[in-house]
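There are 2 protein chains.
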Amino acid sequence: MLQSLLYPDTVAVIGASGTPGKVGHAVVENLVEGGFKGRVVPINPRLERLLGLPCHENLAAFGESVDLAVIAVPTAAVKAAVKDSIKAGARSIVVITAGFKEVGHAGAALEDEIVQLCHRAHVRMVGPNCLGVINSHHGLNASFAAQMPSPGGISIISQSGALCTAILDWAAARHLGLAKLLSVGNKADLNEIDFLEALGDDDDTKVIVAYLESITSGDEFVKVAQSVSAKKPVVVLKVGTSRAGERAASSHTGSLAGADMAYGAAFRRAGVIRAESFEDLMDAARAFAMQPMPRGNRVAIITNAGGPGIMAADAVENLGMTVAVLGSNSASALRARLPSAASVGNPIDVLGDANPERYAVALNIAQEDSQVDAVIVLLTPQAMTWPAETARAIAASMQGKKPVVAAFMGGKDVMPGRDELVSANLPDYPSPERAARALKVLVERQTWLNRPPRVISRFPVNRRRAERIIGRHLRTGRFQVNEVDGKSLLRAYNFNVPSGQMAYDADEAVEIAFRTGFPVAMKIVSPDIMHKSDFGGVRLGLASPEQVRDAFDLMMLRIGRAFPQASLEGVYVERMAPPGREVIMGMNRDPQFGPMLMFGLGGIFVEVMKDVTFHLAPITAGEAMQMLEQTRSYALLRGVRGQAAVDLDAIAGGLQRISQLVTDFPVITELDINPFIVGDVGHAPMVADVRMTLAEK
Amino acid sequence: MLQSLLYPDTVAVIGASGTPGKVGHAVVENLVEGGFKGRVVPINPRLERLLGLPCHENLAAFGESVDLAVIAVPTAAVKAAVKDSIKAGARSIVVITAGFKEVGHAGAALEDEIVQLCHRAHVRMVGPNCLGVINSHHGLNASFAAQMPSPGGISIISQSGALCTAILDWAAARHLGLAKLLSVGNKADLNEIDFLEALGDDDDTKVIVAYLESITSGDEFVKVAQSVSAKKPVVVLKVGTSRAGERAASSHTGSLAGADMAYGAAFRRAGVIRAESFEDLMDAARAFAMQPMPRGNRVAIITNAGGPGIMAADAVENLGMTVAVLGSNSASALRARLPSAASVGNPIDVLGDANPERYAVALNIAQEDSQVDAVIVLLTPQAMTWPAETARAIAASMQGKKPVVAAFMGGKDVMPGRDELVSANLPDYPSPERAARALKVLVERQTWLNRPPRVISRFPVNRRRAERIIGRHLRTGRFQVNEVDGKSLLRAYNFNVPSGQMAYDADEAVEIAFRTGFPVAMKIVSPDIMHKSDFGGVRLGLASPEQVRDAFDLMMLRIGRAFPQASLEGVYVERMAPPGREVIMGMNRDPQFGPMLMFGLGGIFVEVMKDVTFHLAPITAGEAMQMLEQTRSYALLRGVRGQAAVDLDAIAGGLQRISQLVTDFPVITELDINPFIVGDVGHAPMVADVRMTLAEK
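These protein sequence lines map, in sequence, to chains A and B. Heads up, the first sequence is in my numbering, so the first residue is 2 and it goes up one at a time. Heads up, the second sequence is in my numbering, so the first residue is 2 and it goes up one at a time.
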């Protein structure tokens, strides 16, 4: 895939310029100076030669076929250039020129036209409005970025061209190799998902790093990212989520689920590592590109000073990893080979006058210790410190089986050492905390890789009945499903709901109450009244025929006064749900990623503490249980201070059945079961109330 | 203060060495090459001259008096060197030599001896086991660190010598100036608090940065840091707190209050800015040293690319600051002076081909906008970007009234620009996120500076009565105060406690119940039974004489069976507290910082959600209210979903009275009021239960 884009033999540059500083000049210059072994064909009607290459008036004049065309002509001339490229047999086109969708309607229309041209010819296009593409392993710098990176394992997908130049400049300063760099621009044709897929199959790419402002298709992204993540790490910095989530939504699930939550849930599902910042992104990238995966989270720390060792130990613990307890063999081996003043615990302190040999000894012992999964090597520039030599000794001691990361703290004197580390493929960080954080992302990925196979259980349900209920609502244009119908629907999916029935007068209400058994709840049913309980439309715990009769009459009286126009369908009389722990479970359909399930403890835990978890549907039994476990209030469900545990499996089962329901019926856009009442193990849980919204088209 | 240490005229180096690489050589070399204008006196019996200076056999042979003596002889010779120094009139001594307290008992004894020598002579000592001291404004490098920083506004106090060398090396790479660098070593005499105080009065020091592993005296630290913070920023990285807080404690307050919480509370009180990591420490230091304080938290962002602008906007919002809405004058001024494609909102996008002039225009307009409190300037190295020229233009546009920070993203090409920024006193950061975080610490400090004056209210209380109760307990060796006595004590401090009395038989219990009024609670009182309620020793809501009588007899029967040896003092009968919201308030005496007050909502909020706040006593009314406001569950107190607010002032008043009580009686080591029952405004809150522990000596 994308062979002609990333491994072309012949590259035409339409809009090649003789003026240094112009984009059309920079592209040709970069192709020539980047070491491209293929043929570069500059197209410019006013030049004979450019940078030693023969120039052509147009592609027709060139006469031969090209693999890749890079277009850097003014906006108005792009369409013709695309046509010429297609005619010349180009399989891929990079449109660097800006002035399309990003400037308004006319630009968007023009962009559509050129995409159509490409689609009809089965030609793929990058851009428009992009920096271009780089493939260091092919010597290809088809961009106007000044710097060509050396070959390396990190590939970049970026929705910001400027960020590409910043990364290239940073890589140049740190002598760090990159594989591919793909500036996606306006994503008119090829987008981040296409590139993710291509890089997943690219052997030169060890880790994929993406900077994204938007995602073209959430579903597709999750699917592709999940399959790519199984092969290699994908690290994403997603920006622009801070002001999101302000959507008006009628359900709890909707108001708690913002875009940021959805990205979190989607990335978790897909195994995508989410970077918190630009530095975090590149820190993770280097660790993945350069080091093997750890088997666990037990970290050994080697240092030539106490302070940085403590900083690293604090960071390891604060990040939820473990400061390894070294095996007894290690301690004696260290004692035998290090000076007596050295500390042979963990952190291993090789002392301020440590020579390279001492670091090598400690690193070898740490790597061989079966109690150690990963190593952080720290160095401060003291009087007797040789940073470059020490870095070489460390590099020579790398066994390649466990990840090793380094923090050489300082600036001027340690820089030669840091450069040695980079060239030895050992990721170096400016502080112990960042080195620890880099290890942490390796551990996180390993945890994701170790997850059990995802098996979605399907429960036997009465899908036909649910279909009938939903169909009736859609036909009659009732997109808010009332409690009675909602409960029927849930019953079809094997939820327990209290027995109950609609009553149309007080006598009937009493009759139903006798049938279901006291105490009962009574709730007004009207499509016109949203917040029933605010207007006396809900009465709970009615224990006698008199109370039922009084409640019915009062309800009619008061609702009639407050809402003289409301159409009343009747009063729903149902047996009170048994007491138990109230939880809330729901679903909100994210515009990007589809059905997001929510779970939380009811009442204040949701409303005040916002203690809820999200997961993309469909979910497995294990994921449902994780949704419970990841709330802060989980201990309350498991039982604290003598209280019994509630039936956790019943809750997890409920979440899975919601998952099945909303997967079966994409027309359900929002669903809240609030509360879902759950008791001790063995007692059937009960849906006490439900709200549901259907899509209007 | 410390004049002779930091501004000496004559410095002797005892243990001066002719061997390059040795500490005693490095110190003399650093003094000579650092540009010290005073006299350097190397002491070495085997050398005639050293680095062009005459050497002396000993200080007596030198014959004149010295201000500062730096000692770098072997451990065994240090004592004699200290004696010689004192004899030669030294007012300050720096002992670089190691091998004292840090290696064991003999070392500690020797360390004590030399401290005593110094104390008797009123001479101050730094170290032993330290790197030395540097005062760049005096040209003084009395350390064995290779690098002498240029003069600047940042002063460093460090408990790790290696971290000093790392900071010096980093400063050298970034051409960054420092004022003083003080390596505290073993802190045998002068410690971090002395240095904090001295730097507080030092005009060359604009910001104090400290790396601390321990604090010598918590009380003293808070007092000094608070007074220094009023004058200049103090930023501290405190390490080694991750495994702390495992202390066995019988109270809730104790088990929730770890050392880390205590440091947090102490730093908050003192206005100390707490760094989260080494980079955070130096990032904050540069912002404080170089920029004025902001008046608010509204941030303008100037960028030459969209992506980094969004990253900065995300970071600003996530840190709780505001992306400023520019004034309408600004927008029109920007529109008039920037190209039409530029974005004149915020972020202000000066476009990828921005020249230095455009940055200058945008920066001037942003600084002049009254809706803007601070500015972040971002740059990515694009085709037309001139980093150094742009940095100079930015520097020339600085108006000095609002803080401006920069992030020039990249490495090789942007470095000349970053160097220009540093020399123009403009803090630069490698990413938008770190630039935003640096502004955030400025905002935090300004908030602290703006806090209202701290006025501790004193409530009229019956202190004599409390004294009597405590005195009786101490005399009889009862260090656990039982509920009955605890309530009497709290009543003396004007807490409301339910009326009640001790009963010694069932008749008496009934009589008391009639007097206080039903329903009542009954609780066994015995010094031998800790968890009364686990053994049927607590009965609540007894509503009739029969219930009281039954409860008394059953209690006696069961406790007699379970604890045949227990001494029973009787049964406490009290009126049930009225219903209300249960909160918990308490105090735990931190070994470092003294009385730490705790507040949280009762029950699961404390036990499961750990939703509690801490504050050092004594507290003001405002601080007490902050303790409430800073819990996650605060909304529950203020009233949510139609529930009435509870009497917040009653809770704040309770916290202040506990503050007064534990300040009046330092012998109280732990105190838990759990629950404190608080109702609507106007209803007196009630202490339902209390536990208290007194110090055993």
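Calculated from the structure, these hints are not laboratory results. Keep in mind that the hints are not guaranteed to be accurate.
One copy or two, it doesn't matter: identical chains are merged, so the pair holds either way.
Unchecked claim - In silico DSSO-like links for lysine-lysine, alpha-carbon gap of 27 Å or less: (1) LYS413 to LYS207; (2) LYS102 to LYS80; (3) LYS413 to LYS23; (4) LYS402 to LYS23.
Evaluation of the provided hints:
1. For the homomeric pair LYS413 and LYS207, the shortest alpha-carbon distance between copies (24 Å) is at most 27 Å, but the shortest distance inside one copy (31 Å) is not.
2. Proximity of LYS102 and LYS80 under a CA criterion of 27 Å is satisfied intra-copy only: 14 Å inside one chain copy versus 79 Å between copies.
3. Taking the shortest alpha-carbon separations for LYS413 and LYS23, only the inter-copy value of 21 Å comes in at or below 27 Å, while the best intra-copy value is 36 Å.
4. Taking the shortest alpha-carbon separations for LYS402 and LYS23, neither the intra-copy value of 48 Å nor the inter-copy value of 39 Å comes in at or below 27 Å.
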